[in-house]
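Sequence order for the protein chains is S and U. The numbering used here puts the first residue of the first sequence at 1, with every later residue one more than the last. The numbering used here puts the first residue of the second sequence at 1001, with every later residue one more than the last.
Treat the hints with caution; some may be incorrect.
[Unchecked claim] 20 Å max Cα-Cα, derived EDC-like pairs, lysine to aspartate or glutamate:
#1 Lys1074(U) <-> Glu66(S)
#2 Lys5(S) <-> Asp1040(U)
#3 Lys1002(U) <-> Glu3(S)
#4 Lys1002(U) <-> Glu66(S)
#5 Lys5(S) <-> Asp1011(U)
#6 Lys1010(U) <-> Asp15(S)
#7 Lys5(S) <-> Asp1081(U)
#8 Lys260(S) <-> Asp1081(U)
#9 Lys65(S) <-> Glu1032(U)
#10 Lys260(S) <-> Glu1080(U)
#11 Lys65(S) <-> Glu1056(U)
#12 Lys264(S) <-> Glu1080(U)
#13 Lys5(S) <-> Glu1032(U)
#14 Lys65(S) <-> Glu1049(U)
#15 Lys1074(U) <-> Asp6(S)
#16 Lys1063(U) <-> Glu64(S)
[As the list claims (entries may be wrong)] Here are some of the chain S residues that sit facing chain U, going by a computed Cβ distance under 7 Å:
#17 Asp6
#18 Ile7
#19 Thr10
#20 Ile11
#21 Met34
#22 Lys65
#23 Glu66
#24 Tyr67
#25 Lys250
#26 Arg253
#27 Met254
#28 Ile391
Hints are computed from structural coordinates only; laboratory data are not their basis. All figures in this text were calculated on a predicted structure; none of them were measured in a lab. Glycine included, every Cβ here is placed at the ideal spot set by N, Cα and C.
Read off the chains here:
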Amino acid sequence: MLETKDILETINMIDNENLDVRTITMGISLLDCMDENIDKASGRVYDKVCRYAQDLVKTGEDIEKEYGIPIINKRISVTPIGMVAAPCQSKNVVKFAKSLDKAAKNLGVNFIGGYSALVQKGFSAGDYAVIDSIPEALAVTERVCSSVNIGSTKAGLNMDAVKMMGKIVKQTAEKTADRDCIGAAKLVVFCNAPEDNPFMAGAFHGAGESDCVINVGVSGPGVVRAALAKDGAGKSIDEIADMVKKTAFKITRMGQLVAKEASKRLCVPFGIVDLSLAPTPAVGDSVAYILEEMGLESCGCHGTTAALALLNDAVKKGGVMASSHVGGLSGAFIPVSEDAGMISAAKKGALDITKLECMTAVCSVGLDMIVVPGDISAETISAIIADEAAIGMVNSKTTAVRLIPAIGKKAGDDLNFGGLLGTGPVMPIRKGNADVFINRGGRLPAPLQSLKN
Amino acid sequence: MKAIITVVGKDKVGILAKVSAACANADVNIIEVTQSVLQDMFAMTMMVEIKKGDIELDALREKLEKVGEETSTKIHVMHEDIFNSMHRI
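The following block holds chain U by itself, in its conformation from the complex (with noise of 0.2 Å):
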């Protein structure tokens, strides 16, 4: 399964390296990482892979709710197929 992480905050070090840390404990695959910074204001979206029998999407949510919380960004963890339906025909 599919999943989308989205970070949006304040832009300061290291925000990247703690995602993608949080992510590789967890076991999840980064597959595709966009990132932008305007003025200050910092944005990413990261599309990882869950495989079966690893870490549940929710469980995953907790984890980087907790990295947003030390970075002081707000992160959201969701399905691929929310975005795959509401914006492709």
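So that you can see chain S by itself, here it is in the shape it has in the complex (with noise of 0.2 Å):
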């Protein structure tokens, strides 16, 4: 028999401290989709996706009532449509957009991701065309989500590509202004990006990824947090360690049961677990608060970056061993507007840019969520950008850039998405400009450990 205690435990994970699965995500290959003529394209993409995910949400919502775990979101994410988009004729590719985001209404998913193009050494004519469609295709749709691989380790940085997506995020954000700029927030700039990450807006299947595939993302910083508000008193830093060792192996193991019994049910082959510390605006389910439980007073002080990084760490470590396949980006996310003790500590002038910059060097992921003023340039969005990519490259990690320019308005001003994207605050930019260097194009060479063979 089960003991007791560990039995309430669970129950209080889930009851208080804000475990849930984060998201079942299905990859589906768009690769036989490809046609010549963009209607008939975009209409097999649509019946593919509506055939091979029409179970989906139904299935999640069954594991959901008999195993008693919330999940969250139900998603899909597809190949990198500037694959898709190559044989077109029709540059139109927005089309391919629309057809996603009727797929995803007619579903019931929440997001669709892979409104992408893979353009780390250079553009082909399919990613050139989404690349430059992604302002009106986020505009138009609504549960698309966008993201554009501009770097990697391998193969350095394409700075036109960079350039580009300066000029890209500005518009997004100028076309969905009305809205509080939320076009912008489904808009994910790269540098090695995964292939089989299940979490919004980043996610796409990548090539070399079987025609479908269930991968799931975990979540719980509340549960973590409690753990250590419990038993963390007085406790050294190895023994923090173990601890969130401890509780993301008990996560994972949860995340693991789900994404075994969803593709058994729904007949697809598991790709992997991705056990990310996701926060979200409800209070407690915070990284912030995280890091502030083993010490700090207030996320974004001196030793944050440390505290991350044994976090980030750990994390890993616990979860490695409950999975059969681990992949995604798993870590911990610090996206400022989905984390109640990131607003907070943006709010109180205690985080800024600089220190979100230097965190990323140890997160799993990259500056998320952050919301910019509103007359930023776009010259400035691609240094940004770059200095962001230039940390993934040279420490052969995945690092993204998912800012919003808050149109029309000014540092201390707000903006609010409602929902899981949460609330942000504007956050000052650095001075000076970058104009000339963002203008120069080229490639960024790439670093010395890229040549590993």
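Both chains come to you apart, so use the hints to assemble them.
Structural data, given as structure tokens:
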């Protein structure tokens, strides 16, 4: 018989500490949907997504009911549309975004990711068309998410793409200015993008993946924080790391159970469990509060990077034994607007974009959900992207930038996206410009560590 | 399939009886029960067996949640696998 203490611990995690499975994401390959005629191709995309994912939401809900575990989102990721659009003669590729949006609405999934282009070394015609259409695509659709990979440790940084993405991020915000610039919240610029990430907005289904796959993203910052709050007082750093590891193990085991069950019921191979600590705006479900529980007065003060490094590493170590395949981003996310603790630290002035950039060197992703003043120049956005991508490239890790220029607003104001995306205070950026550097274009060479063979 | 029922709340007369009666009505067999009363807090865990074709877990949960309301206790019904996967290697 199971011990009562263990049973009550699990129930308490779900009831009071926001433990949940954040997402079941079905990855679907669209490589067989290509056609010269864009209407035919986008029609095939719609049909295939609807056919493969027809039972996704229901299966998720069934598992939720049967096991009593909240499964917050059911989502879909697809092959980067930059590849699918390659043979199309028409360059009006927004049609693909509309098909994906329609399929998502029809199936009841809240996000569909993969309006993406992988251009770390250079552009193909399809990639160009997709990137160029991102502002419109994210303005006319509701559930489509977009990402662009502009660099990797192996390829270096495509500085032409970096330059282009500064403009695209700004235009995307401008086109959705009447809706709190929500478009930019669905656009991620990556370096070293993982091909099996189940989390939005950066999810896409890589070309090396099988035709269809189930990836699961677990969560649980609230559980880690509660464990530290309960037993962490007076403990050394080693013991804190052990507590995080043990908690991450338990959380990931639950994710693995759900992933296996979903894969069995949908007759789709199981891909990976992504064991990320993903915060939500709910009070208590915050990564910043975990760092504060470790002994920081406020997230963002000196010591934050070290505490985050400990957390990110311990989460991986605890989770990796709990699942047969760990992948995606796996670590701790630090999206400012989605994390109650980060929002409050930013409002107090304890957390700024410079400190966040340092933190991204040791967290699992990058500058995430950061609202910047609306008058920021496209070149400055590009420069922020370049800085962040350089950190990823040199450290052989994924980094990403999801900035939201708050059109018509300045530092001190707020943007309110609602739901999981939360509320973001407009954060000031550093002075000076890098216009000449960004406008040079070209490719930033891959670092020496790319030559591992 | 096995499920775990937990009941937590202020101790009073008839909690165990009401929960067991609801299980019996639903044709659910109780395999094991552990119960403890600390001061006046009542905590009980039950392992039950639900045969295929009998009641769905979800329906059993609804019934027991009603019992929870009547007895002012918090009742959870969950699949055994969750606890096994979380607490056993």
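Verification of the supplied hints:
1. Lys1074(U) <-> Glu66(S): It holds: about 18 Å lies between the C-alpha atoms, which stays within 20 Å.
2. Lys5(S) <-> Asp1040(U): holds, 18 Å
3. Lys1002(U) <-> Glu3(S): holds, 15 Å
4. Lys1002(U) <-> Glu66(S): Distance ~11 Å between Lys1002(U) and Glu66(S) Cα, so the pair holds.
5. Lys5(S) <-> Asp1011(U): holds, 19 Å
6. Lys1010(U) <-> Asp15(S): holds, 18 Å
7. Lys5(S) <-> Asp1081(U): holds, 16 Å
8. Lys260(S) <-> Asp1081(U): Measuring from Cα to Cα gives roughly 12 Å; hence the hint holds.
9. Lys65(S) <-> Glu1032(U): violated, 23 Å
10. Lys260(S) <-> Glu1080(U): Between Lys260(S) and Glu1080(U) the Cα gap is close to 15 Å, so the pair holds against 20 Å.
11. Lys65(S) <-> Glu1056(U): Holds. Lys65(S) to Glu1056(U) sits at ~10 Å (cutoff 20 Å).
12. Lys264(S) <-> Glu1080(U): Status holds; Cα separation ~18 Å.
13. Lys5(S) <-> Glu1032(U): The given pair, whose Cα atoms are some 16 Å apart, holds under the 20 Å limit.
14. Lys65(S) <-> Glu1049(U): At roughly 17 Å apart (the allowed maximum being 20 Å), Glu1049(U) and Lys65(S) satisfy the hint.
15. Lys1074(U) <-> Asp6(S): holds, 17 Å
16. Lys1063(U) <-> Glu64(S): Holds, because 18 Å separates the two Cα atoms, which is no more than 20 Å.
17. Asp6: holds, 4 Å
18. Ile7: holds, 5 Å
19. Thr10: With a minimum Cβ separation of about 6 Å from chain U (threshold 7 Å), the hint on Thr10(S) holds.
20. Ile11: This interface hint holds because 5 Å falls under the 7 Å limit.
21. Met34: Violated, because the Cβ-Cβ distance from Met34(S) to chain U comes to roughly 41 Å (cut-off 7 Å).
22. Lys65: holds, 4 Å
23. Glu66: Holds: closest Cβ of chain U sits about 5 Å from Glu66(S), inside 7 Å.
24. Tyr67: Since the shortest Cβ distance to chain U is 5 Å, the answer is holds.
25. Lys250: With a minimum Cβ separation of about 5 Å from chain U (threshold 7 Å), the hint on Lys250(S) holds.
26. Arg253: Interface hint status for Arg253(S): holds (5 Å vs cutoff 7 Å).
27. Met254: Status holds, d = 6 Å.
28. Ile391: Nearest chain U Cβ about 35 Å off; hint violated.
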